[in-house]
Amino acid sequence: MNAMLRQLGGIALFVAVVACIPLFTKSGVVLNFVMMALYAALLAQAWNILGGFGGQFSFGHALFFGTGAYIQAMAQLQGGLNPWLALVLAVSGSAAIGLMVGALTFRYGLKGSYFALVTLAFAEVFRILALSVPFTGAGVGLMIPLAESFANMQFASRKGYLYLILGFVSAALLVTWWLKHSRFGAYLQAVRDNEDAARAVGVNPFTVKLGAIGLSSALMGAGGAFYVQVFQYIDPGIAFGPGTSVEALVAAIVGGIGTLWGPVLGAVVLHVLADITRNLFGQLPGINMVIYGVVLVLIVMFLPRGIAGLGATVKSLFSKKGKP
Amino acid sequence: MTSALLSINGLSRSFGGLKAVQNVSLSVPTGSLTALIGPNGAGKTTLFALMSGFLKPDSGSVHFDGADITGRAPHINAVNGMTRTFQIVQPFASQTVRENIAVGAHLHVKSRPTALLEAERIAAQVGLLKQIDQPAGELTVAGRKRLELARALATQPRLLLLDEVLAGLNPQEIAEMMPVVRGIADSGITVLMIEHVMQAVMNLAAHVWVLAQGQLIAEGSPNEVTSNEKVVEAYLGHGTAARLRAAELGKARA
Numbered sequence: 001m002n003a004m005l006r007q008l009g010g011i012a013l014f015v016a017v018v019a020c021i022p023l024f025t026k027s028g029v030v031l032n033f034v035m036m037a038l039y040a041a042l043l044a045q046a047w048n049i050l051g052g053f054g055g056q057f058s059f060g061h062a063l064f065f066g067t068g069a070y071i072q073a074m075a076q077l078q079g080g081l082n083p084w085l086a087l088v089l090a091v092s093g094s095a096a097i098g099l100m101v102g103a104l105t106f107r108y109g110l111k112g113s114y115f116a117l118v119t120l121a122f123a124e125v126f127r128i129l130a131l132s133v134p135f136t137g138a139g140v141g142l143m144i145p146l147a148e149s150f151a152n153m154q155f156a157s158r159k160g161y162l163y164l165i166l167g168f169v170s171a172a173l174l175v176t177w178w179l180k181h182s183r184f185g186a187y188l189q190a191v192r193d194n195e196d197a198a199r200a201v202g203v204n205p206f207t208v209k210l211g212a213i214g215l216s217s218a219l220m221g222a223g224g225a226f227y228v229q230v231f232q233y234i235d236p237g238i239a240f241g242p243g244t245s246v247e248a249l250v251a252a253i254v255g256g257i258g259t260l261w262g263p264v265l266g267a268v269v270l271h272v273l274a275d276i277t278r279n280l281f282g283q284l285p286g287i288n289m290v291i292y293g294v295v296l297v298l299i300v301m302f303l304p305r306g307i308a309g310l311g312a313t314v315k316s317l318f319s320k321k322g323k324p
Numbered sequence: 001m002t003s004a005l006l007s008i009n010g011l012s013r014s015f016g017g018l019k020a021v022q023n024v025s026l027s028v029p030t031g032s033l034t035a036l037i038g039p040n041g042a043g044k045t046t047l048f049a050l051m052s053g054f055l056k057p058d059s060g061s062v063h064f065d066g067a068d069i070t071g072r073a074p075h076i077n078a079v080n081g082m083t084r085t086f087q088i089v090q091p092f093a094s095q096t097v098r099e100n101i102a103v104g105a106h107l108h109v110k111s112r113p114t115a116l117l118e119a120e121r122i123a124a125q126v127g128l129l130k131q132i133d134q135p136a137g138e139l140t141v142a143g144r145k146r147l148e149l150a151r152a153l154a155t156q157p158r159l160l161l162l163d164e165v166l167a168g169l170n171p172q173e174i175a176e177m178m179p180v181v182r183g184i185a186d187s188g189i190t191v192l193m194i195e196h197v198m199q200a201v202m203n204l205a206a207h208v209w210v211l212a213q214g215q216l217i218a219e220g221s222p223n224e225v226t227s228n229e230k231v232v233e234a235y236l237g238h239g240t241a242a243r244l245r246a247a248e249l250g251k252a253r254a
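Chains as they are written, first to last, in this note's numbering: chain B, 1 to 324; chain U, 1 to 254.
What the hints contain is simulated information worked out from the structure, not anything from laboratory work.
Careful, some of the hints might be misleading.
Simulated crosslink set (BS3-like; lysine-lysine; CA at most 25 Å straight-line) [what the hints assert, rightly or not]:
(1) Lys-56/U - Lys-111/B
(2) Lys-230/U - Lys-251/U
(3) Lys-19/U - Lys-180/B
(4) Lys-56/U - Lys-19/U
(5) Lys-180/B - Lys-251/U
(6) Lys-180/B - Lys-315/B
(7) Lys-315/B - Lys-130/U
(8) Lys-159/B - Lys-111/B
(9) Lys-159/B - Lys-26/B
(10) Lys-19/U - Lys-230/U
Looking at chain U on its own, in the form it has when it is part of the complex (with noise of 0.2 Å):
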């Protein structure tokens, strides 16, 4: 059995009256990629939140490769190998893209040239190398996804938190980067993603996690979680599993 990179116990966090994340318990093995998933606002990028930093849990701990990490600030989590990307991409816009992802490698490269240099390597693997000198804030939305996940990678990360970065692509945009995801879960890297698009959670996920109105409903491999009951009603509605079994039934008898 693989031993846990991630594993979080009992998450729970509320805004005000929302409780947001309610008693998530789930580990992420080493060297896996894995995804979450759930409706919108069932608390997924909450959840990366807590993991990494960015928000306190209420309670319930956070451990990573087997520390007590629960409330460290993020560019701390970083520094250990934990980085997580935006849903909402976050460029430094003034910067070119060289420079934005030269900000992660300077993790571990102090020499500016390096680190310059460094960033050219990562544009090439995530296919952005056309656009290196390019302001980011003139990117398209798909290179603005390339670019945060350039920038994380760059960091050098056991462990990748992808938050939708296939969000708002076309289907040949998904198409050139889920091998690109593929690519860095191949690498070594353990890599977690939130992803809405179901045929790139489908194709690369090895572990699914379901998460509705703040908590796990589900979890297994895809086809397992896909044909979950409770999974398609979060999804489509309170009775849709008993309808859509009962027209399947309607059919088979036809």
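Chain B extracted, bound-state conformation (with noise of 0.2 Å):
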């Protein structure tokens, strides 16, 4: 009861935190960051919510993030709706596409590297059918007028776009929070450790699952609207190729998976460590994702449990030296 407590202070603590940023500081290169780092940390909360607590390793996130981008600009391009109401869209659609992959690979029981490759192969037909038919613009993309108003999800600082992606970001924080201390949470998280053991004690893990591929994918599609608005523009390589899949899994592993915080870890210390080496190495091409590379297999191999279990590994170290 405790700990539940003590967490909603920290994401509390946390949110009033970042809220605060903007008034110290007016540098668009500093809120820039900001802003960056959260939407790369709702993209790795959202893969955490499914590969972290459900143990389900997906490589094709980007499906759900380009399925809400898409919607996201087309519900206004095409249907003329208002940007607030097409993010409702865009986060319901992400999450039936979700709803429907998982009902599909979670029927046939499909797990591990099984998995991984659908939600691969899913993530590039959904790339290739935008690249091909007419309303997704095709090879061209799509672009959304310029028009900075809060009525239309667009700022003219960086500051609007932090709070927005601040705000999707807490309420990631919160459906995590809520994994960690509910039932839905501790079945979750049983299916991942021990699937026949949970199903003899009245686990259906097929419901399960899908429900953690529900919240993954709804809040994926936040991210997808979220860059549509910053950028007003998508394309189908940046909404549904690998590069996005990527980033959203290794901040996720990076920062510690199945952790409230590690996420948010993750992302933050990536896009540090990305932002560095671009002022080291200048605009060289797709060098962040040969960082990314370098750091994942460090800490797959040395943190397991990546930065947020830091303090657990160190334990069990001295403990396994302990006891010979």
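Starting from two chains that each stand alone, build the complex the way the hints lay out.
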């Protein structure tokens, strides 16, 4: 009970501190950094719900990101909807796609690398579809006309976007917190750790995993919608390409999967690293992916519990030395 | 006469050419503590899997509390009051003992704090209170067996299927565990156990079924089945019963 309230307090403190950043600086560079780190955190948190808590490693989370992004763009361009309404559609549409993919894969008990491959394949199918059909603008992509106003979910300064993404990240933190302190979360982790044992005590793995992919893809869709609002542009490569999938899973694994703060930590650390390398190596395209790869290998080898699990990893090292 | 809580009728299941379970029928009376024994590879665990829904039978039927549950998914059986444990213990290794047991408790309790509290009560019942905040992965074999039992117990089952909860324990641990199983049965839960430890079967079970090569070869009280020739031969090999009889006859004459 205490841990519940303490973590809730931690979330409130985090939101309050980040919300205060724009009060102290008007620097576009700083605000942009915070905004992009939060955006990466959201993707990692979304991935963490299914991958970290559910143990279902998706390599194609861009599928849900892209679905959210395209719905956000198309609802405005072709549906003439207000972006806030479009956001609702984007989030629920991504969740619907998530549930569909989940129903198809979990129905047949796909796990591990098979699940990873199928999600990757789904994302690629959607990328090629988006390249081919006219209403997604094919290879040219879709552009949202610039019209900065709150009602239009477009902001003149980075500050507005920062608060928007902070809202999404808080929602993701609350969902994760709920997973740590609810029956659904307990069932999800039980299915991750041992599906047969979970079934024996009355857990239906199918519905539990379906719930997880629904939540995960909804948040990923919010990330896609945010991307469209910030950059006013989306194309098939950005939407459904492997880049976003990799970013989401690397940040979550580096930070510590199955934890509340891991994905946020991982996103911040990777963004700091990416910024440093960008300054060192100039605009070498793809250098951040190289860094991600190296960091991922190091973390998997030496810190299997990620940055958030640093304390526990060190502790277990010492206790192993203690007992020969 | 007491009614049967679980009854199976002509249950069969094969894996390729191997007939793991052949035409097995038995019924477990409500409130009883009974045992299923048999040599290694007799099909006992397969039979458990068929009863609890982890495997679907090729033919035959399973009835629980009067309802036909043949091939019904295990989680639905657990909801209806039949829970099994695993011979090869299956803890949620990354979670603490308390969290492990709470997963079982959640079957009837939605609130997380209540389930965690309930876990503590069950842990005390099986003697795991000291280890309650340890990660399940760090428990000893005896501890893991207790955890299997606790997690199943937390679902408040009417029928508990225990798959070798005493296997791998030392005599001291077995002696500690036996009263726990007895206590569960005394609390009104029907218990069917697979067991190799004959000391436990003799002490605990009111009725014993013997399975060998997928077939039921004997049943009765523990004393009846252990003196049954077919059972002795199933365990010790063909012709053993005759040789033992001859040896005893010789001893008596001498």
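So, going through the hints one by one against the coordinates:
no. : hint                  : verdict
1   : Lys-56/U - Lys-111/B  : holds, 21 Å
2   : Lys-230/U - Lys-251/U : holds, 22 Å
3   : Lys-19/U - Lys-180/B  : violated, 45 Å
4   : Lys-56/U - Lys-19/U   : holds, 14 Å
5   : Lys-180/B - Lys-251/U : violated, 68 Å
6   : Lys-180/B - Lys-315/B : holds, 22 Å
7   : Lys-315/B - Lys-130/U : holds, 21 Å
8   : Lys-159/B - Lys-111/B : violated, 41 Å
9   : Lys-159/B - Lys-26/B  : holds, 9 Å
10  : Lys-19/U - Lys-230/U  : holds, 20 Å
Hint compliance for this structure: hints 3, 5 and 8 are broken, all remaining hints hold.
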